[in-house]
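A.B. asks: Each chain, written out:
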Amino acid sequence: DAKTTQPNSMESNEEEPVHLPCNHSTISGTDYIHWYRQLPSQGPEYVIHGLTSNVNNRMASLAIAEDRKSSTLILHRATLRDAAVYYCILRDSLHGSSNTGKLIFGQGTTLQVKP
Amino acid sequence: DAGVIQSPRHEVTEMGQEVTLRCKPISGHNSLFWYRQTMMRGLELLIYFNNNVPIDDSGMPEDRFSAKMPNASFSTLKIQPSEPRDSAVYFCASSLTSGNYNEQFFGPGTRLTVL
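Listed in order, the protein sequences are those of chains A and B. So for the first sequence, the numbering used here puts the first residue at 228; every next one is plus one. So for the second sequence, the numbering used here puts the first residue at 3; every next one is plus one.
The set of hints was computed from the structure by calculation and includes no laboratory data. Quick caveat: nothing in here was measured; it's all calculated off a predicted structure. Where hints are given, some of them may not hold.
Stated by the list, open to error - Covered stretches of chain B, going by a simulated chain A footprint (3 or more residues, C-beta under 8 Å):
1. 75-87
2. 105-112
As the list claims (entries may be wrong) - So the derived list for chain A, only partly shown, Cβ under 7 Å to chain B, looks like this:
3. P267
4. G270
5. Y273
6. F332
7. Q334
Stated by the list, open to error - For each label pair, taking beta carbons as the anchor points, the in silico distance ranges come out as:
8. A:S255 / B:P56: 20 to 30 Å
9. A:E293 / B:P83: 49 to 59 Å
10. B:G18 / A:A292: 49 to 59 Å
11. B:V55 / A:T253: 40 to 50 Å
12. A:H303 / B:G18: 43 to 53 Å
13. A:S255 / B:D59: 21 to 31 Å
14. B:S9 / A:L266: 19 to 29 Å
15. B:A4 / A:N250: 15 to 25 Å
16. B:G44 / A:H246: 15 to 25 Å
17. B:E64 / A:N281: 37 to 47 Å
18. B:M41 / A:M286: 39 to 49 Å
Every residue, glycine too, gets a C-beta built ideally from N, C-alpha and C.
Just need the whole structure built from these sequences, with the hints factored in.
C.D. replies: Shown next as structure tokens:
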């Protein structure tokens, strides 16, 4: 699985936008970019995923660079409940024939949100 | 939907004892994953099943660890004998393998302490 690089930690003020970067310079053409987050004392939860085009959902937006070597998770208005560890993960969409969705988690970015 | 159910939520045991962790995946999901999370090593995939069959157990630390999935609605992770270094939070996750969209849903975890 291709490797991702994220800052260890970031801070944000409540109700301001947050841009969480992720570098994946060795990404292959078939790798999807997934973001999960882990709130304190909980299991990880899915946030968003994309392949080439920018993606939006109710939780966040995902901006993918044209060369796909980096991406940015955007929280449009951070709340205190968004304080979590955010993981950027690459998953090969053509992994074998089983396509079981195996995810390899890195250390992620710990986001602190200040009131 | 009850989500992924794990039991027990907390387990404290003494070194050498057998420990059994249980997981009930979301109904209809056909992939199940066991993860372990520690401060030192982060979130590690131990083993995953697809259609009740173990696909990749390369993350299982050693022979003391074993996992089974006797049917689509139940899985166990057993440690025998347990050691203090096995202390961690163990997460179970499930997903519906369908094309390239395999969002994983995580349970609340079992916090294991081996004295």
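A.B. asks: Return the numbers of the hints above that this structure violates; sort them in rising order.
C.D. replies: Result: hints 1, 3, 11, 15 and 18 break, sorted rising.
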